[in-house]
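Can you make the complete structure from the sequences, with help from the hints?
2 protein chains.
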Amino acid sequence: MFNRLLIIGCGLLGSSILRAASNKKLSKKIFIYEKSNKNISKVKKLKIPCQILKNLNKDISDIDFVIMCTPMSEYHKIIPKLNAHLSSKSIITDVGSTKTNVLKLIKKQLEKKLKWIPSHPIAGSEVSGPEYGNKNLFLNKWCVIIREKTTNLKKLKVLKKFWKKLGSQVIFMNANSHDKIFSITSHLPHLIAYNLIKTAKDFEKIQKNSLIKFSAGGLRDFSRIAASNEIMWRDVFLSNKKNMVSAINLFTKNLNLFKKNIERKDSKQLVKKLINSKKVRKQIIKLKQDIDKPDFGRK
Amino acid sequence: MFNRLLIIGCGLLGSSILRAASNKKLSKKIFIYEKSNKNISKVKKLKIPCQILKNLNKDISDIDFVIMCTPMSEYHKIIPKLNAHLSSKSIITDVGSTKTNVLKLIKKQLEKKLKWIPSHPIAGSEVSGPEYGNKNLFLNKWCVIIREKTTNLKKLKVLKKFWKKLGSQVIFMNANSHDKIFSITSHLPHLIAYNLIKTAKDFEKIQKNSLIKFSAGGLRDFSRIAASNEIMWRDVFLSNKKNMVSAINLFTKNLNLFKKNIERKDSKQLVKKLINSKKVRKQIIKLKQDIDKPDFGRK
Numbered sequence: 000m001f002n003r004l005l006i007i008g009c010g011l012l013g014s015s016i017l018r019a020a021s022n023k024k025l026s027k028k029i030f031i032y033e034k035s036n037k038n039i040s041k042v043k044k045l046k047i048p049c050q051i052l053k054n055l056n057k058d059i060s061d062i063d064f065v066i067m068c069t070p071m072s073e074y075h076k077i078i079p080k081l082n083a084h085l086s087s088k089s090i091i092t093d094v095g096s097t098k099t100n101v102l103k104l105i106k107k108q109l110e111k112k113l114k115w116i117p118s119h120p121i122a123g124s125e126v127s128g129p130e131y132g133n134k135n136l137f138l139n140k141w142c143v144i145i146r147e148k149t150t151n152l153k154k155l156k157v158l159k160k161f162w163k164k165l166g167s168q169v170i171f172m173n174a175n176s177h178d179k180i181f182s183i184t185s186h187l188p189h190l191i192a193y194n195l196i197k198t199a200k201d202f203e204k205i206q207k208n209s210l211i212k213f214s215a216g217g218l219r220d221f222s223r224i225a226a227s228n229e230i231m232w233r234d235v236f237l238s239n240k241k242n243m244v245s246a247i248n249l250f251t252k253n254l255n256l257f258k259k260n261i262e263r264k265d266s267k268q269l270v271k272k273l274i275n276s277k278k279v280r281k282q283i284i285k286l287k288q289d290i291d292k293p294d295f296g297r298k
Numbered sequence: 000m001f002n003r004l005l006i007i008g009c010g011l012l013g014s015s016i017l018r019a020a021s022n023k024k025l026s027k028k029i030f031i032y033e034k035s036n037k038n039i040s041k042v043k044k045l046k047i048p049c050q051i052l053k054n055l056n057k058d059i060s061d062i063d064f065v066i067m068c069t070p071m072s073e074y075h076k077i078i079p080k081l082n083a084h085l086s087s088k089s090i091i092t093d094v095g096s097t098k099t100n101v102l103k104l105i106k107k108q109l110e111k112k113l114k115w116i117p118s119h120p121i122a123g124s125e126v127s128g129p130e131y132g133n134k135n136l137f138l139n140k141w142c143v144i145i146r147e148k149t150t151n152l153k154k155l156k157v158l159k160k161f162w163k164k165l166g167s168q169v170i171f172m173n174a175n176s177h178d179k180i181f182s183i184t185s186h187l188p189h190l191i192a193y194n195l196i197k198t199a200k201d202f203e204k205i206q207k208n209s210l211i212k213f214s215a216g217g218l219r220d221f222s223r224i225a226a227s228n229e230i231m232w233r234d235v236f237l238s239n240k241k242n243m244v245s246a247i248n249l250f251t252k253n254l255n256l257f258k259k260n261i262e263r264k265d266s267k268q269l270v271k272k273l274i275n276s277k278k279v280r281k282q283i284i285k286l287k288q289d290i291d292k293p294d295f296g297r298k
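Going line by line, the protein sequences match chains A and B.
The letter at position 113 of the first sequence is residue 112 when you use numbering that gives the first Met the number 0, and the numbering goes up by one with no holes.
The letter at position 245 of the second sequence is residue 244 when you use numbering that gives the first Met the number 0, and the numbering goes up by one with no holes.
I should point out that these hints are in silico values taken from the structure, not numbers from a laboratory.
Fair warning: there could be bad hints in the mix.
You can't tell identical chains apart in this list, so a pair holds if it fits in one copy or across any two.
In silico DSS-like pairs for lysine-lysine, Cα to Cα no more than 25 Å straight-line [stated by the list, open to error]:
{"hint": "1", "residue 1": "285", "residue 2": "27"}
{"hint": "2", "residue 1": "159", "residue 2": "278"}
{"hint": "3", "residue 1": "240", "residue 2": "207"}
{"hint": "4", "residue 1": "164", "residue 2": "154"}
{"hint": "5", "residue 1": "252", "residue 2": "200"}
{"hint": "6", "residue 1": "156", "residue 2": "278"}
{"hint": "7", "residue 1": "271", "residue 2": "207"}
{"hint": "8", "residue 1": "278", "residue 2": "41"}
{"hint": "9", "residue 1": "154", "residue 2": "134"}
{"hint": "10", "residue 1": "267", "residue 2": "200"}
{"hint": "11", "residue 1": "252", "residue 2": "240"}
{"hint": "12", "residue 1": "207", "residue 2": "252"}
{"hint": "13", "residue 1": "252", "residue 2": "264"}
{"hint": "14", "residue 1": "163", "residue 2": "148"}
{"hint": "15", "residue 1": "103", "residue 2": "267"}
{"hint": "16", "residue 1": "240", "residue 2": "204"}
Following this line, the structure appears as structure tokens:
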């Protein structure tokens with residue numbers, strides 16, 4: 000599919016793309032650029048044929064596909080190097096979780112001759128690092144590609160083909176819709192999980208009562224999500240500020256109503272709310288977003 | 000261990016006790032009292048030796064161990080029957096998730112000669128019904144037994160032995176501490192999960208934008224918890240009202256601070272919060288409240 004593919008940033012996502020691209024033979028040659036020496040030695044241990052670049056210099060001039068897998072806050076440091084060395088025939092994409100910020104940055108910083116079409120594979124985990132990568136990470140998962148009025152359609156077609164080869168279900172969205180939708184389905188749940196763990200720790204301090212050891216009844220599920228990479232999630236929260244604030248406000252409004260239902264002992268309203276949630280669970284399983292297997296806790 | 004054991008309410012918890020008690024031969028005879036005909040036929044299909052009672056009448060006079068596994072809002076209807084027919088040598092316990100309410104009810108309604116020592120096994124799932132029961136549900140899980148100044152120590156010892164035979168790690172608490180601790184480790188997480196799903200549905204309505212199909216990025220984990228039994232959880236929220244309100248208030252205070260961090264783009268504070276959450280996750284795994292296996296979503 001490509002002659003020279005370059006992965007910038009080789010953590011969980013980057014190394015999963017490395018594994019999948021190598022396995023599916025998507026490129027004659029794969030290049031890796033990774034800042035962390037620790038990650039570089041982990042990547043070497045994978046024994047996957049690829050060339051690790053020390054710098055982004057003229058060696059990247061004939062790369063035809065670049066995929067950015069660093070935290071989004073690193074993009075602005077990389078773009079000047081792409082501007083200086085990349086040819087206009089190449090396609091650039093990324094895997095960041097928010098998109099209007101990326102479009103803004105591209106408009107401001109990226110050379111007009113270069114084309115960057117943002118992607119967002121809905122795949123990941125609470126762990127990070129190349130050792131956790133998996134060639135099937137994208138299999139049957141959504142991948143959102145950002146299509147705007149100005150998107151180069153020929154390059155878009157190639158990008159779509161790339162994600163389909165990795166097993167993804169591709170869907171097009173504009174950046175604005177993307178950031179709204181994922182503020183609710185992904186960013187708010189993560190923020191809420193972090194906030195719940197913070198609240199539990201605060202409570203321990205106030206009550207001088209150790210309680211983490213009793214977390215099997217619910218807290219543990221949130222703690223998994225709240226163990227996700229802090230740099231990635233700081234970047235998400237800050238770059239999707241407007242939608243995060245709206246999502247938090249809507250959540251808080253609903254939480255206050257819930258509290259009122261409890262204070263007023265409004266049994267009918269409570270049961271109605273809880274039944275409606277159960278319906279959403281059924282919908283999520285029907286849409287194959289989760290498996291229909293009960294969880295009884297630690298195995 | 001017992002001659003005649005009676006399980007009142009045979010759903011997920013009751014049927015798990017039935018399976019475990021039968022498997023461990025904890026009683027010469029096991030009796031079941033269950034209101035729902037649907038559940039009764041499911042229990043019969045299990046082919047576990049037990050006698051299903053149509054009524055709680057004089058037939059229960061020589062029961063030596065009663066375990067209440069109905070929703071807590073049913074207890075007040077059962078107690079008059081225990082008062083009328085049970086002998087003072089019997090031990091009564093329950094598996095409800097809140098405890099000061101149960102103590103209050105006992106004090107108000109239960110005959111003085113009868114002894115009810117509340118228990119709370121920290122085990123369950125988002126599913127309900129006897130078909131999901133499991134003889135190992137309590138294995139290596141905490142079971143809290145409520146010990147107050149007035150608790151009959153001889154009967155307490157027998158109750159402890161019962162839970163240990165089921166594989167539980169028994170811990171004693173007073174009802175007040177119990178309800179405080181579990182308001183944070185279990186009740187608040189469930190309420191938050193319900194509220195998050197409600198918020199997502201509201202957002203779909205406001206935005207006229209279907210988003211549930213993208214729930215793999217976080218929302219799906221909450222939807223599982225938010226599919227738990229509505230009667231059980233209504234009872235929990237209402238009976239632990241005071242602690243729920245405090246927990247919600249602390250959560251909301253922290254959420255507002257989190258929102259301010261985002262609005263002010265306070266990167267340092269955000270990273271600090273996210274790193275601290277990760278530490279709690281490590282603690283939870285070390286305390287064996289969850290397994291150290293990354294989750295990559297649908298298998």
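Each hint tested on the structure:
In the homo-oligomer, the alpha carbons of residue 285 and residue 27 never lie at most 25 Å apart, since the shortest distance is 39 Å inside one protomer and 45 Å across protomers. In the homo-oligomer, the alpha carbons of residue 159 and residue 278 never lie at most 25 Å apart, since the shortest distance is 33 Å inside one protomer and 39 Å across protomers. Only between protomers do residue 240 and residue 207 lie at most 25 Å apart by alpha-carbon distance; the minimum there is 21 Å, versus 35 Å within a single protomer. With identical chains, the CA atoms of residue 164 and residue 154 are at most 25 Å apart within one copy only, with a shortest distance of 15 Å there and 65 Å across copies.
Taking identical chains as interchangeable, the C-alpha atoms of residue 252 and residue 200 lie at most 25 Å apart whether they share a chain (24 Å) or sit on different chains (14 Å). Within a single copy, residue 156 and residue 278 get their C-alpha atoms no closer than 37 Å, and across copies no closer than 43 Å, so neither meets the 25 Å cut-off. Proximity of residue 271 and residue 207 under a CA criterion of 25 Å is satisfied inter-copy only: 22 Å between copies versus 36 Å inside one chain copy. Taking CA atoms no more than 25 Å apart as the test, residue 278 paired with residue 41 passes between copies only; the shortest distance there is 23 Å, against 44 Å inside one copy.
In this assembly of identical chains, the alpha carbons of residue 154 and residue 134 lie at most 25 Å apart only when taken from the same copy (24 Å versus 57 Å across copies). Taking the shortest Cα distances, residue 267 and residue 200 sit within 25 Å of each other only across copies (19 Å), while inside one copy they are farther apart (33 Å). Both within a single protomer and between protomers do residue 252 and residue 240 lie at most 25 Å apart by alpha-carbon distance, with minima of 18 Å and 19 Å respectively. In this assembly of identical chains, residue 207 and residue 252 lie within 25 Å of each other by CA distance solely across copies; the values are 19 Å between and 30 Å within a copy.
For the homomeric pair residue 252 and residue 264, the shortest alpha-carbon distances inside one copy (18 Å) and between copies (23 Å) are both at most 25 Å. In this assembly of identical chains, residue 163 and residue 148 lie within 25 Å of each other by CA distance solely inside one copy; the values are 22 Å within and 66 Å between copies. Taking CA atoms no more than 25 Å apart as the test, residue 103 paired with residue 267 passes between copies only; the shortest distance there is 23 Å, against 48 Å inside one copy. Proximity of residue 240 to residue 204 under the C-alpha cut-off of 25 Å is restricted to the inter-copy arrangement: shortest distance 22 Å between copies versus 30 Å within a copy.
Checked against the numbered hints given earlier, the structure breaks hints 1, 2 and 6 and satisfies all the rest.
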